[in-house]
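Visitor: Listed below are the residues making up each chain.
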Amino acid sequence: MTEYIMTEIVKHEPTTIYIKPTAGLAALNLRDLWIYRELVFFMVWRDVKVKYKQTLLGMAWAVIQPVMTMLVFTFLFDRVAKLPTEGVPYPVFSFTALLPWGLFITALNQGARSLVAHNNMVTKIYFPRLILPMSAVFAGLVDFAIAFVILVGLMFYYQVTPAWNLLWTLPLFLLLAIVTALGVALWLSAINVKYRDVNQALPFLTQFWLFATPVAYSASVISEKWQILYSLNPMAGVVNGFRWALLGVGNGPDVTLWVSTAISVLIFISGLFYFKSTEKTFADTI
Amino acid sequence: MTTAISVKNLGKRYQIGAAETRFRYNMLRDVLMDTVYAPVRLAKAMVGKSDRRVNKNFVWALEDVSFDLEEGRVLGIVGRNGAGKSTLLKILSRVTEPTKGTVTVRGRVGSLLEVGTGFHPELTGRENIYMNGAILGMKRAEIDKKFDEMVDFSEVGQFIDTPVKRYSSGMYLRLAFAVAAHLEPEILVVDEVLAVGDAEFQRKCLGKMGDVAQQGRTVLFVSHNMSAILRLTEEAIVLKKGHLIKRAPTPEAVDFYLSSGQAESGQRVWEADEIPAASEPFRPVAIRIKDRGGNVVDTIRSTEPLTVEWEYQINAPITGLRAGMYLSTMRGEYVFTSFDTDDARQYEQFGARQPGRYISRCEIPADFFNEGRYSLGVNASSFGVKRYFMDENALSFNVDISGAPGTQWPELRQGPVRPRLIWKIEKIG
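Each protein sequence line maps, in turn, to chains P and W. Under my numbering, read the first sequence as residues 1 to 286, first letter to last. Under my numbering, read the second sequence as residues 287 to 715, first letter to last.
Be a bit skeptical, because a hint or two may be false.
So the derived list for chain W, only partly shown, Cβ under 8 angstroms to chain P, looks like this [to be verified]:
| no. | residue |
| --- | --- |
| 1 | Ser379 |
| 2 | Arg392 |
| 3 | Gly404 |
| 4 | Leu409 |
| 5 | Met417 |
| 6 | Ala420 |
| 7 | Ile421 |
| 8 | Leu422 |
| 9 | Arg426 |
| 10 | Glu428 |
Since the hints were made in silico from the structure, they are not lab data. Just so you know, even glycine gets a beta-carbon here, dropped at the ideal spot from N, CA and C.
Model the full structure from these sequences, guided by the hints.
Guide: Shown next as structure tokens:
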């Protein structure tokens, strides 16, 4: 009896919400993002759960995709073109780069389409819109984890010793990959709400970006004077960082990494602002 | 009493007519130039500079709307299509941002609009409950606590671990509704106009709304159904072209709306901006009430037959079309519903209708109506397929009963109909 009364009386004081036209920093509203943090978890969980439903091979696709790419690269660039790999067996060399690249590409594709794909949510209910590109990017981490296991197997097979003393930097490079992917996804998803040209441009963009990133080849083939220009591509920094942290090849953090990081942060912050400034009309224009 | 909702000078502006440039192409050169300039236009649009060639038209869907609502009150919102009702609810539920003005809302706002949002066909019922709950802003612990209750309410029981794509549409809706109904927001907004589902489901929605109101929570209710507004709300506001033109106890507000809103006497013509895009390929043109002499009238005599004429345009072939009307009293009680293809032979002939301009005409016999004002609603649909167009209060008209049966006694007769029945009086003893 007493318990019953207690639960009835203890009632949350409802929070007051102010709705008004927003501008600038106030529009960021990070408090709401925190309140809705569980939704990010649920969206990621749903994406992962649904991704390979009604496929014959299921989760095996997370393994097949990077492995097939690696085999094609090995044939083309190792057997045929004989690119230098700084003493590392080519399969390990390229697979190390394919890990962050795969994460980036999934995050970018899913992230850029996230708002349009969930337009029924956008037009019907309130929730911080940032959650959509964010969870699309985070969902890519599951495939990344699976591919990571394959990499460990590959390194074991080819008897490549990991660069133990550098391994702790790996999470930092992973973070850089996530920030880059999220930044680009913020820009593209917000533009996509109004201009569906993004859908058309995405395949081309990802292909172009792959050529500009040292996934299939080593960054050392780029001549010294072009290195700074080359590092304007933040994914170049990420991929070099992965190889350095895992295999101990390359120069390690130098000025090019800082340029990559700065560009990545710039894309992320500007993306956040662009997203936030257009967010208020998403429901009207989508 | 505390204020649950406080709306101040609220305004929402929409941009329309952006597609206009698409029809300008006359020459290939224009097309080519347009293609060449497309990236430039995109860049300009992104930095916020407008392209002069794009004709910008703005409409204020809502302008200068202010009102306060105390906690625990039920407020009805009435107005024609395009009056700004849905825009108001969208702002209150934070789906879209206002252009000006402020709203202060005390508590969580829930709407029955969001039923099933985020449901994924591949996920099981159980998984969808958690997913949908999280989308609606529930905490995981909260969902855990209410889970059994939701499953009971939805009556899907043993199928809870089956992917919802295997559900019947009824099961799907019940499950979706169960989640929304257990959200228990402090403020509930209900837009009946946009509510999905069949009549049974809509009844359930209204029932839930009544429960919520009885628990002392605040409710905003939008409907074209005046009887529902009268039954469920104490007070109502009337919106017209984005402005709040009246706030009064519901009977008074409804009266005001029905008698002032339909100023056109005996005829209602639909303007282009009053027809929702979703009604394509069906476009209503006008509905008229004519007396025996063929004149368009606002007041008819109950002792004479009257003709209802509905004119409309069909832009693409429609199969199974029925265009018809609802007739109801001012208080919102239905008198009858009738469609132009109710007759089986007529349906065979006109069910599949080719593009063109049509008039569906019917006669309501003499000695049918009682005195008072009646409301005529229209509906064009293909049964079980699509509802093209509906306006529950397209037109209202007066009935004058001079000469009708029983008028020798100056009294108010109960009931919406006043038939001339043949009485036989026999002396049996």
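Visitor: Hold the hint about Gly404(W) up to the distance rule: shortest CB distance to chain P must be less than 8 angstroms.
Guide: holds (6 angstroms)
Visitor: Tell me if Met417(W) is really an interface residue toward chain P, meaning its C-beta lies closer than 8 angstroms to one of theirs.
Guide: holds (5 angstroms)
Visitor: Does Ala420(W) pass the interface hint, meaning its C-beta sits closer than 8 angstroms to a C-beta of chain P?
Guide: holds (4 angstroms)
Visitor: Hold the hint about Ser379(W) up to the distance rule: shortest CB distance to chain P must be less than 8 angstroms.
Guide: Since chain P brings a Cβ to about 6 angstroms from Ser379(W), closer than 8 angstroms, the hint holds.
Visitor: Measuring from the C-beta of Leu422(W) to each C-beta in chain P, is the shortest one below 8 angstroms?
Guide: holds (7 angstroms)
Visitor: Ile421(W) was flagged as interface toward chain P. Is the shortest Cβ-Cβ separation under 8 angstroms?
Guide: holds (6 angstroms)
Visitor: Taking the closest Cβ pair, is Arg392(W) under 8 angstroms from chain P?
Guide: holds (5 angstroms)
Visitor: So, as I understand it, the hint says Arg426(W) touches chain P; can you test that by seeing if any CB pair is closer than 8 angstroms?
Guide: Holds. Min distance 6 angstroms.
Visitor: Holds or violated: the hint that Leu409(W) contacts chain P, with Cβ atoms closer than 8 angstroms.
Guide: holds (7 angstroms)
Visitor: Tell me if the interface restraint on Glu428(W) is satisfied: Cβ within less than 8 angstroms of some Cβ in chain P.
Guide: violated (10 angstroms)
Taken one by one, the earlier hints fail for this structure only at number 10.
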